[in-house]
Every structure is written in C-alpha cells, then in structure tokens.
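Each chain, letter by letter, is given below.
There are 2 protein chains.
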Amino acid sequence: MSISIVGSVAFDTLESREGTREKILGGSATYAAIAASNYTAPSMIGVVGKDFPKNYFDILSNRGIDISDLEVKSGNTFHWTGSYLDNINSAQTINTEIGVLDNYHPLINGKNANAKILFLANNDPDVQMEAITKSKSPVIAMDTMNLWINIKKESLIYVINHSHFLFINDGELKMLSGEYNLIKGASWAFKTFKSLKYLILKKGEFGAAIFGRGADEYFTIGAYPLASVKDPTGAGDSFAGSFLGFISDKDFNWQILKEALFIGTITASFTVQEFGPDSLLSANKQDLDIRLSLLKKYSSL
Amino acid sequence: MSISIVGSVAFDTLESREGTREKILGGSATYAAIAASNYTAPSMIGVVGKDFPKNYFDILSNRGIDISDLEVKSGNTFHWTGSYLDNINSAQTINTEIGVLDNYHPLINGKNANAKILFLANNDPDVQMEAITKSKSPVIAMDTMNLWINIKKESLIYVINHSHFLFINDGELKMLSGEYNLIKGASWAFKTFKSLKYLILKKGEFGAAIFGRGADEYFTIGAYPLASVKDPTGAGDSFAGSFLGFISDKDFNWQILKEALFIGTITASFTVQEFGPDSLLSANKQDLDIRLSLLKKYSSL
Numbered sequence: 001m002s003i004s005i006v007g008s009v010a011f012d013t014l015e016s017r018e019g020t021r022e023k024i025l026g027g028s029a030t031y032a033a034i035a036a037s038n039y040t041a042p043s044m045i046g047v048v049g050k051d052f053p054k055n056y057f058d059i060l061s062n063r064g065i066d067i068s069d070l071e072v073k074s075g076n077t078f079h080w081t082g083s084y085l086d087n088i089n090s091a092q093t094i095n096t097e098i099g100v101l102d103n104y105h106p107l108i109n110g111k112n113a114n115a116k117i118l119f120l121a122n123n124d125p126d127v128q129m130e131a132i133t134k135s136k137s138p139v140i141a142m143d144t145m146n147l148w149i150n151i152k153k154e155s156l157i158y159v160i161n162h163s164h165f166l167f168i169n170d171g172e173l174k175m176l177s178g179e180y181n182l183i184k185g186a187s188w189a190f191k192t193f194k195s196l197k198y199l200i201l202k203k204g205e206f207g208a209a210i211f212g213r214g215a216d217e218y219f220t221i222g223a224y225p226l227a228s229v230k231d232p233t234g235a236g237d238s239f240a241g242s243f244l245g246f247i248s249d250k251d252f253n254w255q256i257l258k259e260a261l262f263i264g265t266i267t268a269s270f271t272v273q274e275f276g277p278d279s280l281l282s283a284n285k286q287d288l289d290i291r292l293s294l295l296k297k298y299s300s301l
Numbered sequence: 001m002s003i004s005i006v007g008s009v010a011f012d013t014l015e016s017r018e019g020t021r022e023k024i025l026g027g028s029a030t031y032a033a034i035a036a037s038n039y040t041a042p043s044m045i046g047v048v049g050k051d052f053p054k055n056y057f058d059i060l061s062n063r064g065i066d067i068s069d070l071e072v073k074s075g076n077t078f079h080w081t082g083s084y085l086d087n088i089n090s091a092q093t094i095n096t097e098i099g100v101l102d103n104y105h106p107l108i109n110g111k112n113a114n115a116k117i118l119f120l121a122n123n124d125p126d127v128q129m130e131a132i133t134k135s136k137s138p139v140i141a142m143d144t145m146n147l148w149i150n151i152k153k154e155s156l157i158y159v160i161n162h163s164h165f166l167f168i169n170d171g172e173l174k175m176l177s178g179e180y181n182l183i184k185g186a187s188w189a190f191k192t193f194k195s196l197k198y199l200i201l202k203k204g205e206f207g208a209a210i211f212g213r214g215a216d217e218y219f220t221i222g223a224y225p226l227a228s229v230k231d232p233t234g235a236g237d238s239f240a241g242s243f244l245g246f247i248s249d250k251d252f253n254w255q256i257l258k259e260a261l262f263i264g265t266i267t268a269s270f271t272v273q274e275f276g277p278d279s280l281l282s283a284n285k286q287d288l289d290i291r292l293s294l295l296k297k298y299s300s301l
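Here the protein sequences come in this chain order: L and X.
Residue numbers for the first sequence follow the working numbering, so the first one is 1 and each next one is one higher.
Residue numbers for the second sequence follow the working numbering, so the first one is 1 and each next one is one higher.
Possibly wrong hints are sitting among the right ones.
Identical chains blur together in the list; that is why a pair holds if it fits in one copy or across any two.
[As the list claims (entries may be wrong)] Here are the simulated lysine to any residue pairs, SDA-like style, with alpha carbons at most 20 Å apart:
hint: 1; residue 1: K54; residue 2: L281
hint: 2; residue 1: K297; residue 2: G214
hint: 3; residue 1: K111; residue 2: D278
hint: 4; residue 1: K153; residue 2: G171
hint: 5; residue 1: K197; residue 2: S282
hint: 6; residue 1: K258; residue 2: T20
hint: 7; residue 1: K297; residue 2: Q255
It should be emphasised that the hints constitute simulated quantities derived from the structure, not laboratory data.
I would like the entire structure built from these sequences, with the hints used as guidance.
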C-alpha cells in the first residue's frame, strides 16, 4: 500500500452564497482519498453507518480506493451541517450528528498498517493517536483544524510530535504557535516538534507554501485563479490527499515536494468550484494537466 | 524624466508591537520615490512645511530624486499618527494634522509634466485628478486606500478611469468591486475602467499578483519570507514605486512586468522590517539582488 488515509467519512449539509446541498458525500478521508486516487491507489480507513448508500461505496472503489478498512456499523453516518454565508473561506458549524463516529477506534489491517505513508486526515486527535499506534508506516502525515487546537490541544501536540508532514492553514498556525507572523510560526513548529520534516501551509485564495528544515527549503505559490468558489469544503483534505498521493511512490526530494505543492493546489481548485466532491470526481487527467500547466505558467518568470 | 511621483510627504508617528517612533520621515510620495530611486532618477512632487528638516531634503536629493517640485509652504508638514497594535497588516489612524496638505494644488513643471510615467501615490483623489490634468505623461499609474473608497468614491473612480496601472490591496479591491472573490474583482475592474491595462494586487504577507487584459496575463508570487515585520507603513508605496521605477526605462512587456512584481515585493520587504524608511534607505544594490535571487528561488520549480 502506498498510502493509508484515516479520517472522517460523512454526510455534509452545506450552504454558501451559491446555494445549498443536503446530505451529500463528505468527510476528510473521503476528499483526501478521492484526491490521492488521481496519483496512486490509496486505502481509506474510517467508519460509516448502515445509511451510507451503496453508490457511494461504488464511487470510491471504482477509483481504485481500497475500502477494506472502511467499517460499516449499525447507526447513522456522521452528519455535518456547515455554513459559508458569512465567510466563503471559513466554515461555521451549524450542527453535528456524531453517529457512528462516537467512540470510533480505527481498524488498520496488515497491508494498510504497512503503507509507505500514513495520512491522518482531519479528525479527533485521540483517533489520530490510536491510528499511529496501530500503524507501522515509516512516514506519518497529518492535518487538523481550529476545533482541535481549541478543545484537544494536548492530544493534538502528541500527534504532531509523531508526524513528519504537517498540513495546516494560516489561521491555525497562528493560533497553535501564538505567533502572528507565519514565518515565525513555522520556525516555532520546527523547534517545538522534533519529528517534523516538512510543514505545508495552506493559505486558501492566497495559495500555499512548504517549509523544510534545510537551508533555503522554502517554496511558495499562489492559488489557481478561480472566479467562483461555491463550496470550500474538502479543499484542505484534497490538497493534502493529492500532495501525498503524488509523492507516495517517489523519493521525497525537494524538487518532488515543490511539484507536489502545485498538485495539491490545482486539485483543491477543482474541489471548491462546485458543491461537494462532484467537480473533483469529474476532473480527468487532462483537466488536471491543463490547470497544472497553467498554474506553472502563472508562477514562472 | 522617467517617472514623476505625486503624493503625500509627511511626519509619521507610529506604534506597533515592536515599538514606537515619533515624527519620522513618511508619506506615500516619499516611500515611492526612495524605492523608485534604486532603479531610476524620479521626481517627487508634493508639499512640506517650514518644519521639514534640511537633512530630509538631503536624504532625498542624495539619492538622485528631483525635488524641484517639492514645495515648501509656511505652516506644518502633514503629520499622521497610526497604530498597528491590533493588526500588523492594517493601520488604525489615531490622528491626522493636515497642515500644509490642506488646499494643496500640485505644481508640475515642464520636465516633470512630460515624464514617461506619472505615478499618483496614495492621496486625496481630487489632488490626483488635478495632477492628471496638469500632466502630459502618456502613462498614468495610481494607488489608493480604503479611506478614499469610503469618503470620495466618485472622485476616485474618475481617477481610476484615467489610469493605466492600478495598485490596490486585496481588501480594497473587495471593497471597491463589491466582489468577495479577488479574481472576479479584477475582472470587474477591467470591465468598469476602460483605460486600465494592468491591475497589481498587493496581498501583504501573502504576496502579490498582476492581472492584464491579455489571455493568460496573470502572474502571482508569494511574499519574501520575513520573520519580523516591525512597521508596514510605506510597504505599498515602496512596492509601487520600485515596480514603476524599474519599468520606467523599459518596454512594458509581460516579461518585464513579471520581473517588476519581484522587484516590488523584495523592495517592500526591506521597508517593513524596520520602522520608517530606514531599512529601505540602507539597502544597497547587493542587498536587493540577494533578496531578489532568493525570492526567485523560493518561487521557481
């Protein structure tokens, strides 16, 4: 297995200025695995309820995603209701029905426990910790969100202390580090978390950056220019999933990591242009290649 | 004359989390002219009071800045007091003593009226309008700020309608266009202002972008990574001043404009790292070249 992805699988109910959607496919592991599947065959580890529709399983397995550790439990699938009416860049949680995510303990079977990369998509840091103890993957990558910095900081810090790649957005890095300057925030993270090799900073409409420990290991690009963002749900998950899927069968050298920042950025641009994962699902290799080459053009002297 | 710069010349009293300064050299024309003087010999058009110290005139003329249209009037130099305590990226005006800027009518003599570029640095749009009518420059560039969008929108729109280059930050573009999406905001600007050839978007710690009317005329870069920003006053002015100073004796082709975006970005990085224009003034050609080459490295695949 190249990459095992542990995270939430959900129904999302959403509203933005561009419309509303009820109980569509969502979840951090879902977006990350779909995005990764453009570059490798990932496994997706999580839990759904009996109400999870058969065609959603089909969507995932038809893309080559291994769902053997996607458990089905009696009860309802996690259901998140969020709004982007006030701010298209930041979700306001309206309601969460935790369902089968309550007291969830990830199952990671042999093949998935030995993946080259374990990606802990955004999730309760206690579940992320448990996944780390059950995995033998040599490389651990993780994502998180402001909620966990607020309510489970200690567990979160434990997880970051065991991770090699940290995906984080600008607001979260400021919050976690207590630094208002992002460059200082990144330095703080490398000083604080000894395991950390790379920090990938997601800046939404302002692009992304990667920081390493090496001299001059810093690289930054703008976002792919989109005149309409309908629903940013899953943007960060698809960014990280495609970034990691892309590098999972390669050497992690600086050149590959810079290329991966482009991959993450253009993949997320598909995610946000329509509600839910529809646009990400329908983007084919040619669509991805066109945006990749345009974004490189928009970023190259 | 390659470029004539009309704008404010001021005393600035400032506070940020990094300290305070009283009545130091400031003003939009000041920063823009100092920055431009790294690349050409600009003229600086404005007004100061009898209290403007002789050594400030010397600082300017020693850099090759033509100050023949920098008038000295009886009264006090414009004095701005601002605070960055709440937000390092956005100034809060504490006090303004308008002084000799009250009822100011720019003098633009023959040589300066025929400059290749007229740059209207941030200023009252009525003064900017008057400068346009007194100038014969074939190329007009302008900057503005949220204050003028709020209180003098009609005059401001007149000025933009006569400009070829618009420098604007992300918050101001959203405010002016009514669009929350910056790409849509830029499209709106090109539709609304027929004279406009290029829009340069300043995104502070998130870098900068340039939009043109041509197919694929879009280019974006990150900011120069600085672990400490002491005082962002003049960042936008130095960005625009150096950008325009750099292109003022060149053909305005897309390659030159992309290079100018790097020039503006690294120049502004010197401005913000210390209070006032000190760091901008002390940066020599080698300092500028080092940052230019690093930022290109941080932005190149």
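- Please name the hints from earlier in the document that this structure breaks, with their numbers sorted from lowest to highest. Of the numbered hints, 3, 5, 6 do not hold.
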